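Chains as they are written, first to last, in this note's numbering: chain Y, 1 to 747; chain B, 1 to 274.
Calculated directly from the structure, the hints in this document are not laboratory data.
Source: prediction; values computed, not measured.
Careful, some of the hints might be misleading.
[Said to hold, decoys possible] So, partial list: chain Y residues that the calculated Cβ filter (under 10 angstroms) puts toward chain B:
| no. | residue |
| --- | --- |
| 1 | Arg12 |
| 2 | Arg15 |
| 3 | Leu249 |
| 4 | Thr285 |
| 5 | Ile289 |
| 6 | Gln292 |
| 7 | Leu428 |
We put the beta carbon where it would ideally sit given N, CA and C, even for glycine.
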Amino acid sequence: MFFANIRLIFLRELRDQLRDRRTLFAVVVLPLLLYPLLGVLIFQVQQFLKEHTSKIRIVTADDLPPQPRLLDGGKLAAEFGDPRHIEIEIVPSSKSFDDIRSQSQADIALGLCDAVVYFPPDFAQQLARIRAGNDKREDKPENASPETQIIFDAARDKSRVAQQRIESILLHWRNSLGESNLEASNVSAIAARPFNLKQTDVAPAVRRRVALWSKILPFILMVWALTGAFYPAVDLCAGEKERGTLETLLTSPAARQEIVCGKLLTVMTFSMATAILNLASMLATGAFIVSQIQRMGAARIPLDISAPPISALLCLLLALVPISALFSALSLAIAAFARSSKEGHYYLVPLLMLSLPLMMLSIVPGAELDLGFSLIPLTGLLLWLRAFIEGQYFDVLRFSLPVLGMTALCCFFAIRWAVSQFNNESVLFRESERFDLIQWFRYLHRNRQVLPTAGQAVLLALLILLARFGFSLAAPQPTSWSIMAMTTLILLIGFVAVPACLMSVLFTRRPVHTLLLRPPAFSATIPIAALLAAALHPLLLWLNQGIAWLYPLNPLAAAKLGEIEQMFLAAPLWQALAVICLAPAICEELAFRGFILSGLRQGGRDWTAIFITSAVFGLAHGILQQSLGAAVIGVVIGFVAVKTGSLWPGVAYHAVHNGLSVCIGRLTVEAIDTHSILRMLFDSADGQILYRWPVAIIAGCVALGLLWWLKSLPSSPRGEILYRARPATTWYDRPIASRLEHQHDAA
Amino acid sequence: MDALSYNAKMIEVRELSKSYADLRRGQFTALAGVSFSARPGEIFGLLGPNGAGKTTLLRILSTVLQPTSGTAIVGGCDVVAQPALARKQIGFVSANTAIYDRMTAWEMVEYFGRLHGIAPEPLRERMESLFARLAMNEIRDLPGAKMSTGMKQKVSIARALVHDPPVLIFDEATIGLDVLVARALLQIIAQLREQGKCIIFSTHIMREAERLCDAIAFIHRGRILTTGSLEELRDRFEEPDLEELFFGLISDNDQKVPSSKFHVSGLPERALLT
């Protein structure tokens with residue numbers, strides 16, 4: 001039944017789309033016309049550039065040197081380059097260069113000429129003097145070679161073409177002059193060119209041929225897969241909402257999952273068809289143009305754009321399946337949210353904006369398939385495809401697990417999002433309402449909940465990230481410890497803690513509950529959390545090292561970090577502890593485990609909330625290498641906060657973790673050598689202080705035990721657990737409703 | 001028909017509530033504890049002004065919306081616990097359930113028949129008899145975009161009847177129809193009652209209810225004000241005119257419950273967001 005319904009829905013949607021002229025035009029006709037049209041256009045421009053005659057004015061006070069002759073009967077001599085498309089005009093003038101410059105500027109602007117060549121007065125005499133070689137001391141200014149100027153306007157295409165043409169001719173003429181100078185001094189012309197430079201490209205012909213395609217094809221494929229998915233998705237969801245047929249389908253026996261799957265398959269089909277047709281049309285046009293250019297006997301083509309090998313194309317087609325699945329699911333979820341096709345189309349640009357940078361990242365020079373890049377969605381897949389096309393099969397095999405795993409994970413989440421959008425009636429039956437900012441604020445305040453909503457949590461997260469980003473751009477690079485401590489404290493208190501507290505007071509009825517400020521149900525959890533931090537510290541240090549190995553810090557950032565570390569070390573210990581461990585422990589916990597986690601937990605899924613909070617927590621740490629480690633710590637603290645229902649164990653964990661890091665940073669090799677306890681804990685080989693591995697393993701076991709103990713804690717049935725949203729049932733919501741109403745009236 | 005003999009109540013709605021967040025009105029209660037039941041062979045009329053909660057109630061019955069609280073059982077299936085089974089018991093025709101523009105009448109009805117899992121041959125026979133009964137053979141190959149409102153409504157009814165459901169729901173089904181087509185529709189509904197279907201007919205037009213319904217419930221601001229057969233209601237309120245009766249009930253109710261107090265309740269907003 002399941003598959004039968006999916007097949008039915010898929011076939012119907014497919015037929016429906018194929019009957020829609022707009023879709024057919026966008027998917028089939030447009031690509032088949034677009035590339036040939038583009039090709040013709042490029043051809044025309046090329047032709048224009050080639051056949052357009054450049055008007056070049058030559059300004060000279062007197063005659064040019066007689067041998068070799070640049071000008072031959074009022075024309076440029078043919079031996080220095082093709083003079084066919086150059087029309088010259090010789091203007092004798094003895095004005096100063098500045099006058100000629102302004103005159104030329106005006107004439108180029110009027111189109112009277114495209115470029116001006118200016119020969120200084122006495123040009124021929126100076127050349128003759130150099131040829132005679134009377135004075136060999138060239139450091140005297142009056143003995144320098146004369147300067148010939150090309151005056152052009154780089155902002156005008158015609159002028160730039162003229163400049164390139166005349167420059168090439170003048171350079172050839174100069175060489176020829178130099179050679180004749182040598183001949184005059186009885187020196188062989190070879191003396192000026194003591195060796196020849198030749199290049200041997202060892203890249204096999206196939207790789208040379210695919211070098212360009214391997215960068216462009218995957219990129220084009222992705223862009224079209226996204227565009228091809230988006231329009232049908234909007235028509236299938238927002239369009240059906242608009243036309244009222246979605247509700248008809250929802251009342252049929254087909255389950256929501258079956259509807260989503262059927263629609264997803266349809267969107268995927270169109271996404272793949274669009275990508276394939278575009279690719280085919282582009283390749284065909286490219287091949288046609290190449291053959292045309294070759295037939296016309298044009299010299300060489302700078303880029304080899306003949307067809308890529310068949311194996312590369314097959315590989316692209318295979319990779320198209322997960323790419324289309326990902327984009328289709330994303331588009332479907334977004335389209336399900338939109339109320340109308342018009343609104344749906346507005347969402348294309350943000351979607352493109354989000355995915356384009358990831359795609360562009362793969363074209364950046366230096367981006368190569370390694371573990372780090374392969375774990376970035378889209379980028380990893382693009383690099384993997386490129387390696388496949390280039391025939392580096394060993395790399396392809398080596399990184400297929402992370403690349404395909406990451407892609408599968410993204411697909412899974414995108415599809416899950418799409419399904420949840422379809423199960424969400426507030427999304428399906430969203431009515432259009434006029435949006436009014438003041439009314440919205442009033443609504444937020446009037447209807448403020450016991451705890452923050454998920455939307456408010458996301459808002460605070462975005463605010464903190466924005467503040468962090470803006471701050472790092474605007475604040476000057478700290479030059480001393482006191483400045484650094486100041487900026488850190490301002491950032492933490494002003495942009496992390498204060499917004500969190502303000503939002504809790506403004507938008508919730510129970511700020512203390514929101515920020516988890518009450519003590520934990522079991523006070524033992526505070527020291528346990530501190531102990532957990534100490535026990536996990538060795539493993540987290542290892543993790544950080546692993547991250548640093550996987551994603552090496554670029555030297556510039558490393559140098560910057562080194563400077564900051566020096567400042568730390570120079571500061572008094574108590575100040576360093578206050579700024580690096582106490583302030584972040586309190587401020588960041590208030591915002592992340594307090595407001596943001598409480599808000600996100602309203603979704604009803606604790607672990608999802610913990611992971612999202614940790615991801616934001618990581619992002620707020622700025623540098624990628626720090627972010628990954630911080631995100632892992634965020635998960636641990638999030639778990640502690642959820643289990644204990646209080647902020648304080650998390651604060652203890654955070655403070656101890658940061659404190660240990662500060663203290664280890666201050667340990668010296670000598671200190672370790674002199675104290676036997678330190679020697680038992682740390683290994684100071686290579687001057688780098690690390691935990692000994694048995695210590696790390698024992699501590700890890702202790703940490704596991706502590707985590708197990710925390711897991712077995714009974715959830716205290718207080719506060720947010722009582723208020724947490726569940727699928728609403730009467731017995732459950734009534735008491736809260738009446739209580740709230742009571743409060744509301746009292747207020 | 002076997003199921004009907006021992007299950008006297010085809011539709012059983014108990015204490016059904018639905019509320020959701022609304023930017024302007026705050027927490028909006030669309031339904032507040034609605035209860036009623038309907039039997040096979042009965043046309044149950046749901047009367048109320050626009051925005052009374054009729055559509056919300058019927059959307060919950062057709063499992064498109066989830067109730068905030070309460071239960072609804074359709075043909076023995078709970079709409080929350082067994083939505084797929086419940087949908088099979090229902091044929092749903094509403095002003096909001098349009099037909100596909102790019103499908104012909106025949107394709108449209110066939111598609112929904114297939115979704116109901118009817119095998120091709122019985123489906124074809126069923127559709128032939130349906131198309132003949134509803135006099136739809138001349139629009140058989142006409143795409144939805146080219147149909148008039150009346151034709152579209154016929155296709156919707158054929159679509160709702162294709163799986164021969166015991167329960168039929170008509171939500172404001174006569175909106176936008178001319179007198180002739182509306183009259184034909186009411187005749188079709190009366191015929192369906194003769195076949196023993198349980199029919200819910202929601203409308204804001206009193207005359208339609210008077211002509212058609214066996215039992216009537218007045219719904220206003222999410223509550224059922226009163227319910228009973230036409231005669232019962234006339235006797236109870238000593239008012240022969242249904243429109244006057246309804247108007248009197250509404251003004252009584254509005255004096256008792258000021259609108260603002262009723263509409264903005266303190267139910268948590270997230271009840272709907274989950």
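The hints, checked one at a time:
| no. | hint | result |
| --- | --- | --- |
| 1 | Arg12 | 6 angstroms, holds |
| 2 | Arg15 | 8 angstroms, holds |
| 3 | Leu249 | 8 angstroms, holds |
| 4 | Thr285 | 32 angstroms, violated |
| 5 | Ile289 | 38 angstroms, violated |
| 6 | Gln292 | 41 angstroms, violated |
| 7 | Leu428 | 8 angstroms, holds |
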